[in-house]
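Protein chains in written order, with my numbering: chain G, 1 to 361; chain P, 1001 to 1339; chain Y, 2001 to 2344.
Among these hints, one or two may not hold up.
[What the hints assert, rightly or not] Using C-beta positions, here's what the derived DEER-type ranges look like: (1) P:T1133 to Y:Q2121: 45 to 53 Å; (2) Y:D2072 to P:L1149: 52 to 60 Å; (3) G:E223 to Y:M2001: 51 to 59 Å.
Quick caveat, the hints were computed from the structure, so don't treat them as lab data.
We put the beta carbon where it would ideally sit given N, CA and C, even for glycine.
So you can see what is in the structure, the chains are spelled out below.
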Amino acid sequence: MNAPATGLTGPAEPAAGPRDVVLRARDIRVEYDGERPTRAVRGVSFELRRGEVLGIAGESGCGKSTLAYALTRMLKAPARMTGGSLTFRTREGEELDLLSLDDEELRTFRWTRLSMVFQSAMNALNPVTTIGRQFGDIFRAHRPDMGKDERLSRTRALLEMVGIDAGRTSSYPHELSGGMRQRVVIAMALALEPEVVIMDEPTTALDVVVQREILDEVERLREELGFSVIFITHDLGLLLEISDRLAVMYAGEIIEYAPAEELATRAAHPYTQGLLRSFPDLTGVRRELRGIPGSPPDLRAEPPGCAFADRCEHAFDPCRSSAPRLLDLGRPGGPWTAACHLNDPGHRSAAGAPTTEGRQS
Amino acid sequence: MTTADITSAAGPAELPPGPSGGPAVRLASAWRTVRRSRRLSIGLALIALFVLLGVVGPFFAGDPNGFSMDLAQPPSGSHWLGTTQTGQDVFDQLMVSTRLSLVIGVAAALLATAISVVIGIGGGFLGGWSDETLSLLSNVFLVIPGLPLVIVISSYSRGGSLTATILVIAITSWAASARVLRAQTLSLRTRDYVLAARLYGEKRWRIVLVEILPNEAAIIVSQFIFAVIFAILTQAGLAFLGLQNPSDLTWGNMLYFAQNAEALSSGSWWWFVPPGLCIAVFGAAMSLISFGLDEVLDPKLRVYRPGRQKRSRRQPDRQHPDRQHPDQQQPIQGEEAAR
Amino acid sequence: MTALEVQNLSVDYAQAHGRPFRAVHNLSFSLEAGRTLALVGESGSGKSSVLKALSRLVRPAEGRILLGGRDDVRGREYRRAVQMVFQDPFASLNPSHTIDHHLRRPLLATGRARRGAPADQAVTELLGQVNLTPAADVARKRPHELSGGQRQRVAIARALAPQPDVLLADEPVSMLDVSIRLEILNLLDRLKRERDLALLYVTHDLATARHFSSEIMVMYRGEVVERGPSDEVILAPKHPYTQLLAAAAPSTGATREQVREGRRVRQAARAQRDAERREIVVGDGCRFRPRCPFAMDSCVRRPPEAQVGPAAGGGSGHGALCWLYAEGAGKAPAATVPQQKPAP
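So here's chain G without its partners, still in its complex pose:
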């Protein structure tokens, strides 16, 4: 198991105002029940600061979506959380233990404090009622004292906010394009001014141009409204651009956590490096392109060493025998941790290998 990530509570960034922590996850563990239980999330810890975008990158089956469901306590059987703690710090400075909320508290907590946008969310709009009514339902459920006119004007404002004509309140979902529906869903997620929005592949099903428009919109709204975002996707290139901090997941664990801006050039974990080599840059020079050979490990197994060892070109003896811990690399620019023996002074000398730094092509 990983020790809880060290150094995550680094000093707040200077001149950025009070960037306090809004969501703190400690050692989250999720298992899928089965004849051999699948340990989908294996001790994930992170902190989300107010107003920041935390990107979570990973490939299919790495546990990133399961993590998203765990964070919102929306796991459905056979998945269940087997460990960890989730603390939410509200605007008012109140600390909430998310795992102790009962159903009713959870209901009010979601949407008012934290909301989610899923990849297929645009298909979850009720096809038989208008967009306006669906917004109305949200307000009726969560803001019972709101008048009819107020509900309508708020709906129109929300739609305008995400770049949809306010007249669309009377439209049915099927009258909108996929991109517009996804905008509607984002507007719904923001309807009650949550402090955290979790987005799980929110634009993957959309065309590149539409995807870009929506991301620009989210970014603008975030600057305006100041909510935090956890953005989950397999598209590392996208995350590098839009997030402040980036966590890379592999086999249910965070294997690297770094400031997004610098990760592209200085990735410390071989898997991150491999991912970065896996997609060509549009306008950059043509370079050697290759993916990462092999497949992710079976999450039902309990390999003793590093989960990535079989696919890693730098793997050496300790990788097979002991699991690497997330270690702070002590780099400037904020906490930067990686779970790789190559960065562990204790092992590096044994390997006689240079650090992974500077291995970038």
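With chain G held as given, fit chains P and Y onto it using these hints.
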């Protein structure tokens, strides 16, 4: 072009282990599959019992129509299930009836399934005019009220042969499954793997038989199972109404005789309960097989049961929120992890 | 050598009422042996209709498809020569059959191998070519026992079995994990060179299109709006739509300020054209007009195909379907949409 090329090393390590091997291994794995579902094992055991009774029973049973002096006797050592009003042994009758009921049920179901496969898959795959025509045909058969038609035809061929009964039941029961198979075929024939087969020039009949049919096997089997139930029930109904040749002993005919002899009012329960129970248990067993097959063949229904205690504890807070409700687009409801 | 030539191809789909819907409009291009042509477009651009027409799954409304210079090629011969790799490796293999079946059938159906030992050997060879070894183990498996990347290799091997001249690849990696995409693309690239295949790479991803093809065609609503050598089309896009596509791709090396600046310019451009709010039906004119920031009066007429770059050897040069570059038109905008950072 790419500046450099990496030939990926997809070694054996990349391959997940999977089952493979000869018939013995397959048999063993089929046995494991059966044992995974309790419903399937119970259903199969019951059906095996019926088949055994139907196949072997009549050889040991005495003459079912042989009269004796024991009139309307309750079950006893000499007559395990008692006797009828005319002194026939109910147990002997039940053995013989089981065989004929099963034969009628299976034969009619086979025929109905065959018709539905040909018409449903044929129409679905061919499309165009043939599909229109075949669809029309199955729609017509679908809206014809089945039981009255069966009654009319049976009374026309009253005293008719066993074959007539089988034909009548088959003809009135294939249409619904044909429609299901047609819909499934329509969806399968635009699957990429079928397109790929068309692309390399596979012949049509091969595409239907080799690429499409195996993927509908589960549906066909389950439809066959329900066709058997339907056929046995229909036959029993017809016989009960006196529309069958009374010399062919079936469960339905036994009920018919019992009814005529007012077995119910005279309290001769041993006469009508065994055939009635046979019909009910047989139907239940077939349904169990069908559900059990779904369970073992469809991984989504293959639920792992961690243990009784855990389940019952979690059951009450399991909500299945209506997905259509607007609240559900956003994270309002749902189920939280048990901690 | 030209393997496949498409002349003035149009594809129509019947609609419930009214005129048929024209999914592909007057498209011409040719596929050369040993070269890759990328067809880039978003969903609804008509690229899958092009593929269907090329694989003879739909009959074109107009135009000709010439295989080896002839347009009267019989079905059997055509099927042998033109094969396709599908997008979704989970849907393109039949769940009830083994890998062996998937490769053996095309070999037998096209007469490329005889039943028995020759077919066994051919299957082994095919699996070896797509790096699936040990072949005997793989051949016994069923699709669900393989990973997505392995399935796609099987699909490629199946397409190679008839020994085609032309390979159509329909978004072959978009359903795969990022880390294995390049292996598959490199594999296709290698096979193309080894077998002298004419490869049509259909994708929505500009970056891989640039890296894996020599020429790019950009499709929008059934028409090719820009075509040319891949570096020119991507690095110096001329058509406003291509510029928009290029600007939408994430730039990995940009600093925060560059990212923010890019976003501001994009949003300004978007406010200008305001796409979603006036999605108007275009008659004869440019189909990109409702979304185009440079739309002008002449755009209601059908734009000409203008030469925007030198006609380099081999290809037909760099062209764009846009009034901005028509003869006598005003000065073309010098990429108002910001370019990505310069190559390091």
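Evaluated hints:
1. P:T1133 to Y:Q2121: 45 to 53 Å: This hint holds: roughly 46 Å between Cβ atoms.
2. Y:D2072 to P:L1149: 52 to 60 Å: For D2072 (chain Y) and L1149 (chain P) the Cβ distance comes to about 54 Å; the hint holds.
3. G:E223 to Y:M2001: 51 to 59 Å: With Cβ atoms ~56 Å apart, the hint holds.
Violated hints are absent here; each numbered hint is respected by the structure.
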